[in-house]
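Take the two lone chains and join them into the complex the hints point to.
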Amino acid sequence: MTAQKTSKQIPSLDDVTNALAKMIADKMDMDQTTIKPESELQMLGLDSLDIFDIIFSAEDYFNIKVPNDQVKISTLHDVAVSVHQLILEQNK
Amino acid sequence: MAIVSNRQRVVITGLGVVSPLGNTLADLNQNAFAGISGIKRIDSPFVDELNCKIAAQAQFNPNEHFTKHTYSMLDRTSQMALHTGIEAIKDAALIIDDNLRPRMGIFLGTGMGGAHSIEEGYVRLYKEGANRLKPFTVLMSMNNAAASAIALECQLTGPNQTFSTACSSSAVAIGEATRLIRHGYVDVMLAGGSESLLTFGTIKAWEALRTLAEEDEEDLSASCKPFSADRTGLVLGEGAAMLVLESYEHATARGAKIYAEVIGYGAANDCNHITQPSVTGQSATIQAALKDSGLAAETIQYINTHGTGTKLNDIIETNAIKNVFGSHAYDLSVSSTKSMHGHLMGAAGALEAIITTMALQNNQLPPTINLKHPDPECDLDYVPNVAKKLANFEYAMSNSFAFGGTGASLILKKLS
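The listed protein sequences derive, respectively, from chains A and B. Per the working numbering, the first sequence starts with residue 1, numbered consecutively. Per the working numbering, the second sequence starts with residue 1, numbered consecutively.
No lab work stands behind these hints, which were simulated from the structure alone. Please note that the accuracy of each hint is not assured.
When the alpha-carbon atoms are kept at most 25 Å apart in a straight line, the in silico DSS-like pairs for lysine-lysine are as follows [to be verified]:
{"no.": "1", "chain 1": "A", "residue 1": "65", "chain 2": "B", "residue 2": "134"}
{"no.": "2", "chain 1": "B", "residue 1": "322", "chain 2": "B", "residue 2": "388"}
{"no.": "3", "chain 1": "B", "residue 1": "389", "chain 2": "B", "residue 2": "414"}
{"no.": "4", "chain 1": "B", "residue 1": "291", "chain 2": "B", "residue 2": "413"}
{"no.": "5", "chain 1": "B", "residue 1": "127", "chain 2": "A", "residue 2": "65"}
{"no.": "6", "chain 1": "B", "residue 1": "311", "chain 2": "B", "residue 2": "53"}
{"no.": "7", "chain 1": "B", "residue 1": "388", "chain 2": "B", "residue 2": "414"}
{"no.": "8", "chain 1": "B", "residue 1": "134", "chain 2": "A", "residue 2": "27"}
{"no.": "9", "chain 1": "B", "residue 1": "134", "chain 2": "A", "residue 2": "72"}
{"no.": "10", "chain 1": "B", "residue 1": "413", "chain 2": "B", "residue 2": "388"}
{"no.": "11", "chain 1": "A", "residue 1": "27", "chain 2": "B", "residue 2": "68"}
{"no.": "12", "chain 1": "A", "residue 1": "65", "chain 2": "A", "residue 2": "22"}
{"no.": "13", "chain 1": "A", "residue 1": "72", "chain 2": "B", "residue 2": "68"}
{"no.": "14", "chain 1": "B", "residue 1": "90", "chain 2": "B", "residue 2": "68"}
{"no.": "15", "chain 1": "A", "residue 1": "36", "chain 2": "B", "residue 2": "68"}
{"no.": "16", "chain 1": "A", "residue 1": "22", "chain 2": "B", "residue 2": "134"}
{"no.": "17", "chain 1": "B", "residue 1": "322", "chain 2": "B", "residue 2": "389"}
{"no.": "18", "chain 1": "B", "residue 1": "372", "chain 2": "B", "residue 2": "311"}
{"no.": "19", "chain 1": "B", "residue 1": "53", "chain 2": "B", "residue 2": "127"}
{"no.": "20", "chain 1": "B", "residue 1": "322", "chain 2": "B", "residue 2": "291"}
{"no.": "21", "chain 1": "A", "residue 1": "22", "chain 2": "B", "residue 2": "68"}
{"no.": "22", "chain 1": "A", "residue 1": "36", "chain 2": "A", "residue 2": "72"}
Note that the coordinates shown come from a computational prediction; the quantities given were computed from them, not determined experimentally.
For reference, chain B alone in the conformation it holds in the complex (with noise of 0.2 Å):
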């Protein structure tokens, strides 16, 4: 029975990007469906000390976006979601006046929030022996910078609320806002994801972590491989992803282009251990969505997945949706894009659903590129390494996944 009792439909009206396949849309939109990969060595002055020096790096100066008094006050992430804030508004078209501005606000998810500022400050305090900071690295690090930064800019006056869920934090943010809307609490939304964790400290965390994919050393490109049986972890990527969530109502009032419908949202908390995900919790989080669409599982024809190339991950999920959707799911279609964007991390959940959003628009299905070995227990349709048209393609789910357990699903739906 779906949770549905007066509620408004909420509609994708305006997409921002800035991510390792392009800063345009239709840039990520002619490299996310052509197979190509945004994995390169780093560029950064630090690579020769690094175990892993690759990442998906994205090519953004904030200088050709920003005035210099404007992004020096901002921390590289939040510099990437002010950009992509303003790109989605723009986007959809939208002009926000008096009477919109209360009804209007920002959800935006990201892991680590200034991970850039604050190891600026450990550096001079640690290494440099400075012993005072700069004045503006309290609110250059904070984890809301980003949507403040957003929410001033375009003077949002509507809830303005950061989600910290590690890799679904930019789902949590965009299902969270969803309901704002469904509900009637305001008319519409920007929501999204931004993160830029690519910093010598945060990077030998990962490393210690022991999850990073090993260089391909044939082609360092091809280094993310989900599901691919020779898959050795994921990928470190940068972003930032946003999207305008509106009601039907109002963007049908105002004449707006309509992406697709966001029609379902579920979370749950795996509950299982702090990095290790569970068929439980995934399956958990999956149903919840289902089950909030009222869709019955054999309506969804493609997922695109956390798959984020780590062994255990790609299992987990691959049994999760075998677990949901039982025998249909030999029957759809998933794919990870991170072989090709990488790891997000805040920025994942809002950069694949756009991506899946494209996806219903182009009636095609992203590639899982890099998929060269296949994975016995790994046995669905992955899309490898070639995009796929899909005739009649309405409805599609995107899935994150969390350190910490924290998953959330969405579930679009094309607009006929």
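With the rest of the complex left out, here is chain A (with noise of 0.2 Å):
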């Protein structure tokens, strides 16, 4: 993990996703240009093991808690929604 959280404010949405973008990248070997936000995760490769390193990773990264019936294999943007609404909700 070489994403480095910079600043205590709130994470906008867009946050979120790139940071996401960046793990996923790092974790699969990839172009983080080639990961969209409409990305299907399944179809960069990642399976639900891989969701779950990437949940792992935001969950030390955004300091907050995903409980198990919100990891799920989505896009990009459906997961990144789901983290930094848990970031609003956590962060309270």
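Set out below in structure tokens:
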């Protein structure tokens, strides 16, 4: 994981999307520019265990806890929205 | 009377290795017979906190062989196993198609499985104060991870089993795989072992057992001295070694090159002490292999010994060989290649089986290096310090004995 949290401000949805894209690129050895918000994570080659790993990294990075029922394989945008929502809820 | 009834002959048709003596067959062959030691000061940040600062590490970089996505999900033990498994299949020029797939499996030996992953998890929990572990921790540390990684990558749908009998794990894996082919359950097996336990915690645990060699102050690489009067213990090593075993019929039908035949396998349990071997137990193991092969004891020309370099093992093993072979013990040659590659634990039996296979191919016996001071209680021909040519070399044995008591002996035959 090379991404670093640089601010204690609540990140925007775009920030979350970019950070997740960087985590995915790092894990999967991919060019980050090929990862779009609408990309299906499964189509990028991630399986359920890879998603767990990305969620694990996201939990560390954003200092949140992601409940099991919110771990889903969908698009990057869907995951980013879930994570962003959890950041907002858990930083109230 | 040999236990033979309509059984398939089993031959070795492929080899793969990651070892302190090199990660190619050519390098291993060169170094093991030139008496080169792979024992060095441990290359790790924690070395200064160790009492024992030497080991036989493998120079293995996973990123030279796999994508990050692949290797980051595998413990070092599994990475080395996967690489050697693939190399062994390539060496055998084996094409795994849908017909072969269910007729080919993998048996792998490992003592501690994913030792690095377990330790990394504990460091995270207990030292760094984290309250959760990485998602792959279970999958990376389980003992069958290495065999499963190979089976998954190579799509082997036959039996996939992991043997954990400490130092004899991979010899047992080879022997049991041989039996599976012999009795017709499968045609081909990948068999061998993998071990990477050079973590801070594991080395500390070995230090506490007081079986590790003291450093040779003049030459660290000469610290393992099996059968020599000045031996002080074993040196930990790491690596992986895999063999493609195949029925003779299957191998010849596809025109495979054949390195040697696995003609005998014997296993017995010591039941003496959790660490101390016994002449009775080791003799029973060797005799079981001889009986299995149907050979007269006098046929064996060379034994690659367990030869750890501990005070006790080397005397017990010498006496067991004398007990089984009688006066022939003084006619045959034995050596401990652990003097060069250290003790690979769960991978030791497989690496030593490969070196024994090479010995048959080379008509040459690998030496026991660092044997400078003969021990009156170890009075066999240990091929001291320099490899030795052996004309008409046809039958060799490889011995593995373990903490816990499980012994395994393999007998290999060169095909003319």
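For each hint, the structure was consulted:
1. A C-alpha spacing of about 14 Å is found between residue 65 of chain A and residue 134 of chain B, which places the hinted pair at or below 25 Å, so the restraint holds.
2. This hinted pair checks out: residue 322 of chain B and residue 388 of chain B have alpha carbons roughly 21 Å apart, not beyond 25 Å.
3. About 15 Å separates the Cα atoms of residue 389 of chain B and residue 414 of chain B, which keeps this hinted pair within 25 Å; it holds.
4. Simply put, residue 291 of chain B and residue 413 of chain B have alpha-carbon atoms about 15 Å apart, close enough for the 25 Å limit, and the pair holds.
5. The suggested pairing of residue 127 of chain B with residue 65 of chain A holds, with an alpha-carbon distance near 22 Å, which does not exceed 25 Å.
6. A distance of roughly 20 Å separates the Cα atoms of residue 311 of chain B and residue 53 of chain B; the hinted pair therefore holds under the 25 Å criterion.
7. The suggested pairing of residue 388 of chain B with residue 414 of chain B holds, with an alpha-carbon distance near 17 Å, which does not exceed 25 Å.
8. The hinted pair formed by residue 134 of chain B and residue 27 of chain A meets the criterion: a straight-line CA distance of about 14 Å does not exceed 25 Å.
9. A C-alpha spacing of about 18 Å is found between residue 134 of chain B and residue 72 of chain A, which places the hinted pair at or below 25 Å, so the restraint holds.
10. Using a Cα cut-off of 25 Å, the hinted pair residue 413 of chain B and residue 388 of chain B holds, with the two alpha carbons roughly 18 Å apart.
11. A hinted pair counts as satisfied when its Cα atoms are at most 25 Å apart, and residue 27 of chain A with residue 68 of chain B qualifies at roughly 7 Å.
12. Taking the CA atoms of residue 65 of chain A and residue 22 of chain A, the gap is near 20 Å; set against the 25 Å cutoff, the hint holds.
13. Taken as a hint, the residue 72 of chain A and residue 68 of chain B pair is honoured in the structure, with Cα atoms around 23 Å apart against an allowance of 25 Å.
14. In summary, the hint linking residue 90 of chain B to residue 68 of chain B is supported, as the alpha carbons are separated by about 22 Å, within the 25 Å threshold.
15. This hinted pair checks out: residue 36 of chain A and residue 68 of chain B have alpha carbons roughly 21 Å apart, not beyond 25 Å.
16. Restraint check: the Cα-Cα separation between residue 22 of chain A and residue 134 of chain B comes to about 18 Å, which is no more than 25 Å; the hinted pair holds.
17. Distance hint between residue 322 of chain B and residue 389 of chain B is fulfilled; the C-alpha atoms sit about 23 Å from each other, no more than 25 Å.
18. Between residue 372 of chain B and residue 311 of chain B the CA atoms are separated by roughly 15 Å; this keeps the pair inside 25 Å, and the hint holds.
19. Note on residue 53 of chain B and residue 127 of chain B: the hinted pairing holds, with a Cα-Cα distance of about 23 Å set against a maximum of 25 Å.
20. In summary, the hint linking residue 322 of chain B to residue 291 of chain B is supported, as the alpha carbons are separated by about 17 Å, within the 25 Å threshold.
21. The straight-line distance between the Cα atoms of residue 22 of chain A and residue 68 of chain B is roughly 15 Å, inside the 25 Å bound, and the hint therefore holds.
22. With a C-alpha separation of about 17 Å, the suggested pairing of residue 36 of chain A with residue 72 of chain A holds against the 25 Å cut-off.
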